[in-house]
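Line by line, the protein sequences are chains A and B. Per this note's numbering, the very first residue in the first sequence carries number 1; after that it's consecutive. Per this note's numbering, the very first residue in the second sequence carries number 1; after that it's consecutive.
Hints should not be assumed to be uniformly reliable.
Unchecked claim - Partner residues aside, some chain A positions facing chain B, computed with beta carbon under 7 Å:
| no. | residue |
| --- | --- |
| 1 | ALA22 |
| 2 | LEU23 |
| 3 | LEU95 |
| 4 | ASP96 |
| 5 | GLU99 |
| 6 | LEU101 |
| 7 | LYS102 |
| 8 | TRP103 |
Said to hold, decoys possible - Here are a few chain B residues that sit away from chain A, every Cβ distance over 12 Å (derived from the structure):
| no. | residue |
| --- | --- |
| 9 | TRP9 |
| 10 | LYS79 |
| 11 | LYS116 |
| 12 | ALA169 |
| 13 | ALA285 |
| 14 | ARG373 |
| 15 | VAL392 |
| 16 | TYR515 |
| 17 | VAL517 |
| 18 | TRP548 |
| 19 | VAL569 |
| 20 | TRP578 |
FYI, nobody ran anything at the bench for these hints, they're computed from the structure. Values in this document were obtained by computation on a predicted structure and should not be read as measured data. The C-beta atom is built at its ideal place from N, Cα and C for all residues, glycine as well.
Now for the letters of each chain:
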Amino acid sequence: MLGVKAYAIVAALLFGLGVYGALARRHAIAVLVALELMLNGAMLAFASFSRLHPLAQAVSGQAFVIFIIAVAAAETIVGLALVLALHRVFRTARLDAFELLKW
Amino acid sequence: MESYYSLAWLWWVPAAPFAAFAVIGLFTRPWRQLSAAVSIVAAGMACLFSWGALFSQIKAGPEAVRNDQYIWFATATLKPAVGLLLDPLSAVMLVTVTTVALMVQVYSLGYMGREKGLSRYYAYMSLFLAAMLGLVLSNNFLELYVCWELVGVCSYLLIGFWYDRDAAAFAAKKAFVTTRLGDLGLLIGLIMICTRAGSFDFADIRARMAVGGWEPEWLTLVSILVFCGAAGKSAQVPLHVWLPDAMEGPTPVSALIHAATMVAAGVFLVARTFFLFAGSPDALAVVATVGGVTAAFAASIAVVQNDVKRVLAYSTISQLGYMMLALGLGGLGAGMFHLFTHAFFKSLLFLGAGSVIHALGTNDLREMGGLRRAMPVTFWTFAAGALALAGVAPLSGFFSKDAILCLAWEKSPVLFLLALVTAAATAFYMGRVVFTAFLGPPRSKAAQTAHESPTVMLVPLVVLAAFSVLAGWWGAEFGRFVYFGVPSDERMRWGFAALMQVAPLAGILAAWLVYVVKSPDPDALRRRMEPLHELLSRRYYVDEAYDWLVDNVVMGLSAGLAWFDRRVVDGTVDSIAWLVRRTGDGMRRLQTGRVSNYVLAVFAGVIAAVVIVRMAGAG
Chain A
1 MLGVKAYAIV AALLFGLGVY GALARRHAIA VLVALELMLN GAMLAFASFS RLHPLAQAVS
61 GQAFVIFIIA VAAAETIVGL ALVLALHRVF RTARLDAFEL LKW
Chain B
1 MESYYSLAWL WWVPAAPFAA FAVIGLFTRP WRQLSAAVSI VAAGMACLFS WGALFSQIKA
61 GPEAVRNDQY IWFATATLKP AVGLLLDPLS AVMLVTVTTV ALMVQVYSLG YMGREKGLSR
121 YYAYMSLFLA AMLGLVLSNN FLELYVCWEL VGVCSYLLIG FWYDRDAAAF AAKKAFVTTR
181 LGDLGLLIGL IMICTRAGSF DFADIRARMA VGGWEPEWLT LVSILVFCGA AGKSAQVPLH
241 VWLPDAMEGP TPVSALIHAA TMVAAGVFLV ARTFFLFAGS PDALAVVATV GGVTAAFAAS
301 IAVVQNDVKR VLAYSTISQL GYMMLALGLG GLGAGMFHLF THAFFKSLLF LGAGSVIHAL
361 GTNDLREMGG LRRAMPVTFW TFAAGALALA GVAPLSGFFS KDAILCLAWE KSPVLFLLAL
421 VTAAATAFYM GRVVFTAFLG PPRSKAAQTA HESPTVMLVP LVVLAAFSVL AGWWGAEFGR
481 FVYFGVPSDE RMRWGFAALM QVAPLAGILA AWLVYVVKSP DPDALRRRME PLHELLSRRY
541 YVDEAYDWLV DNVVMGLSAG LAWFDRRVVD GTVDSIAWLV RRTGDGMRRL QTGRVSNYVL
601 AVFAGVIAAV VIVRMAGAG
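Starting from the given sequences, assemble the full structure and let the hints guide the process.
Right, here's the structure in full:
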């Protein structure tokens, strides 16, 4: 059986991939997807570190995962709605087009 | 000691004119005659209560001092009060001021009757009277200073009464600025005294001084600073330049403010704070010297002036110098006595001159002449005033001048000589005015057709003439009365006094020879002494010297300071502002509006936070 360390590494990789995506991609939907990746990394970390809990039957890590899934779903909906609204105004979903609030 | 005179009445003395000022300003302004009536009634009331105060004071004796005050505001260290001080000095001043003021206000009915701004005139007159009485009655330095500045403001307003005339507006400004110069000294002086004594109250300061421990040098400095204020108000050399120009105001104003009352405030101030001067012989010497020099200096200028009001103005300066001389020699009684008599005959002379000006429409002596027949009352009263001013026995000026001459004879031969020459010059220029204006042939059409002034103007002349003739009989009693109860040895010495009559009689005789007999002829005389005449009629070039001083020194200094202000002070402020602006401009670029940049910043921030926390934890 693989150790917690391996899971943690995968989680970190997933999170890092998400960060890279969120920073590097210009398309709003791609950034949303990248955010999902970061969330997944975090969830994996929660689930795996739950193993290290002194009480074997403790499920707080898993419980967090359930919550994050729910919150992520809601967040994605809001995000997509924003993207739609922005698309109506700017006729594009590229983030670098949205720079009205600059100096 | 119980007295029939209640101090509650005394409060009405300054309060009545002030109420008149408020009533005229707020309500009766559109009705000119009503305004005049309000003002005169208030002045009459003040006059009545003042005489009451004087009689009660005489009855109570010179040592009686009464005091009444309300605390204005209290701090931990100082409790400035608004108070009244009734002692012989203030009682005498009260009577002088209110009597002359009442006469002048009645006279103004005739002289100013047709002015559009009559209400304004009477409002200012009432405010002036209130301030002047407050000054006289004040029992502390702060109240005195407030009133001191108030009379200055009123003087400014009244000199500039005809503000649409440039000369009047300039003269008002000049008077205000010049006296302010002296007031600065007074302000510094009184701050120094009051912080050291811990009180504004004259009685407290006296008590503190009696304890001792004040360095003589410090006392000298403070006294001279106070004297600066007095010199400005009383037009002593070199701050005298404003008074002749102040003649641009209406003649009754000159009579009240610039002859009898406000200009005497400087003398009064020295008298009121005499306890300070008494502690410093050097300061007294300064006062005496300035007074003596002023007396002779102004008298010599008065000899050649052609404007009748200017002659009287220089004469006023000269007589104020006389009073200062007396005070400087320690003769509080003599100085105040001269102030008292001078107030009557000088305001009389001004009102008489006003009567002539009213009839002729000119101030110029060269356009008068032969007015004796057309204006007999004016002539006789004016002559009485002139004789009193010259110091001819037995008119009031004789007694007060004699007291001063006597004092100078004992204390300082040089100052005595100055005073004696001044006395002769005074008689000469007054003789000149009387002889040229009232005797001889009329020298202009206006002088031929002149008529006597209306009764309302003549009554004050007669009343003041009566005072001028009779006020002297108080004599040596006065010295004892005013001198805070300290007996003074200013006794009448008839032999000396008779000898001193030589000076005024010689002056009058010389004027008679020159201006009536015409031998030597005045024009020939003038030509023979052209340089001297030029020097005198240009008033010793003092005004020119001031102009030069202002144009070169003051303006140069100001230009330097203005440069410093613009370059250094403003420069510093501006560069700080520039720096902030430029920094802001640069920092603004951080706000790109792009989400990805912000996200990067968030991540960088998180990483930085983690690193810092770890390092702190490791430490």
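Run the structure past the numbered hints and jot down the numbers of the failing ones, going up. none
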